[in-house]
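Take these sequences, add in the hints, and give me the full structure.
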Amino acid sequence: MFGMSIRKFIILSALIVSGCEMHPETIAIDFDSGTEDYTPLVRKILAEHPAGEVTIRFGAGTFDFYPEQAAGSYLCVSNNDNGYKRCAFLLEEMRRVRIEGAGEKTQLRFHGAIVPFRVARCEQIVFEAFTIDCDASFIFEGLVVGNDPRTHSITLRPLDPERFEIRSGEPWFTGYDWASPFGENILFDPGTRSPYYQAEQYEHDQKKTLQAEWIGDSLVRLSGYSSRELPPVGSVYTDKGPHSTNRRYPGFSFYKSAGVEVRNVTLHDSGGMALIAENCRDVVCSQYRVEVPPQSGRMVSASADATHFVGCSGKIVLRACRFESMLDDATNIHGVYMTVVDRFSGNRFGASFGHFQQEGFDFAEQGDSLVFIDRADLGVLGCGRVEEVNHVNENYYIIRTGFDLSAIPDSVHIAVGNRAADADVEISECTVRYNRARSFLLSTPGDVCVENSDLSSMMAGIRICGDANYWFESGRTRNVVIRNNRFGTMATGGRSPQAVLQIDPVISHDARSGGTPYHGCIRFEGNLVESFDNQLIYALSVDSLVISRNRFVDSRRFEPRFAGLSVIDAQHCRSVTVRNNDFSGWKENSTISLVDCSEHCLEGEEMPRMVENPNPYFYEN
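203 is the number that full-length UniProt numbering gives to position 203 of the sequence shown; each next residue is one higher, with no gaps.
Among these hints, one or two may not hold up.
[To be verified] Computed spacing ranges between beta-carbons, pair by pair:
1. E104 x D160: 17 to 27 angstroms
2. Q295 x G72: 28 to 38 angstroms
3. F356 x D177: 22 to 32 angstroms
4. G585 x P242: 37 to 47 angstroms
5. T174 x R348: 44 to 54 angstroms
6. D404 x R549: 40 to 50 angstroms
Keep in mind the hints are simulated off the structure, nothing from the lab. Backbone N, C-alpha and C fix where the C-beta goes; we use that ideal spot for every residue, glycine too.
Set out below in structure tokens:
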């Protein structure tokens, strides 16, 4: 039926006599050049093993997967775009399943509008030793070969001209069974493979329509380009389509699963996040790589984050991973704040999501402990256990808890988070480079350790936030250690200052003084920071901030973007310690700004002088 050699065997007996535990069956799939689509075979194997207990082992070769015969399901995937999806590997309510390859010799290639891997309500799932790619990138890329300020136009040589189309005079790019107009865009420097310095000045305003025309020799002119500066000749224009439609097809989508591991896997492309885990427990990524294919000439790998974890518990481990060239963060670990929109009685309320890409997220279930906060200052109003929950639709819950809201004035805008999202995080020996946005976003109350990693991202290196007004990503940290890392060139773009360590819970200006700090203990120790902009550490509302034994070096690679800022800026923190750091290679006449910090200890040689020079920007991006 499938026109291939399939070797099916049992490693041991079907039952292990001692304990009578079922031993996973191993099914080996060898490459056959006569097989165009391996999707039906995978679907058949999984259907024959509804409880799991199976290893699917691919041999050497390129195995193609198409959407026509893939299993389909309507998926709500947080921080991506909801909708009906075709899934090549759809694992539901299974345990002990392994998908294996023969290392770099095994490539799984996915065609068109398809989610490669969906894992829902499963346990002990392992993906190991293969490469993931798509037949066509979900990103348009074109080399800028000309620009004309008089006509507000640029001329491009598309990387894949056969995938570029002009529809009603407007630019589109296409794939196997999909097409997209232009939308969100960013400029890359092919010399550094990174986003351009101050890339925001070259971004076309996607609200304004571009006009396109072929001008021969596979060249395209885009007219009506609206930006502060036209992209320079030699740069690479990249476009992933309109916001709200460019995150449809994540590479790995994990939902309510436990014990999921991704080992020695390389992903070259995804039409959404490379990996997203929701409400999962114990997820490990080791030697997981997100990068462009070698010799492809591409600037971009995944269209969004390399990894993303929402509402997870247990332990999240990223070990010896490499995250390159994606259009968003290397990782973002957080919970979700819903907003209380109706109060039916003292302990019964209606809640909605604050951001459209959270709609459909499985926010809470009976027995969970919820925390209620004031959206203005993120202060805790109280806690209560869920007694009843009604998930009315994708964007509306009715919840009854043990906490009485009646004593809270109607003037207080309330958000609610789930305390089950408390994952510990271990990140070690990872590399982040060439990407838009940040390296690591860490908003979880569990123990967090980031060590021995090399980070160089366009915006902040490590961001610790918490926000009930913009992205609605919860995460009051308790204990964060960042040690023995190298921070390279960072903060080359972003519309506001971007610090190497950026602790910026979104608290309104008039609510920052007094009260309990939002974040707990954060230690930044033994790191090497080689950067060019003035501000390296920004901290707002931290109970205990310790900055010790770091070396700060002025790379002078670019002109500072925000030259007037202090190297360290702490605001409304209880305790700040800056001790035994090496500033000898840093900028002359630099300063440390402390504002409304109850306790402080500044010790060491060549310490910058202390001033009050608070960063005036309100971080929201």
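How the hints compare with the structure:
{"no.": "1", "hint": "E104 x D160: 17 to 27 angstroms", "verdict": "holds (24 angstroms)"}
{"no.": "2", "hint": "Q295 x G72: 28 to 38 angstroms", "verdict": "holds (35 angstroms)"}
{"no.": "3", "hint": "F356 x D177: 22 to 32 angstroms", "verdict": "holds (25 angstroms)"}
{"no.": "4", "hint": "G585 x P242: 37 to 47 angstroms", "verdict": "holds (44 angstroms)"}
{"no.": "5", "hint": "T174 x R348: 44 to 54 angstroms", "verdict": "holds (50 angstroms)"}
{"no.": "6", "hint": "D404 x R549: 40 to 50 angstroms", "verdict": "holds (48 angstroms)"}
Violated hints for the displayed structure: none, as all numbered hints are satisfied.
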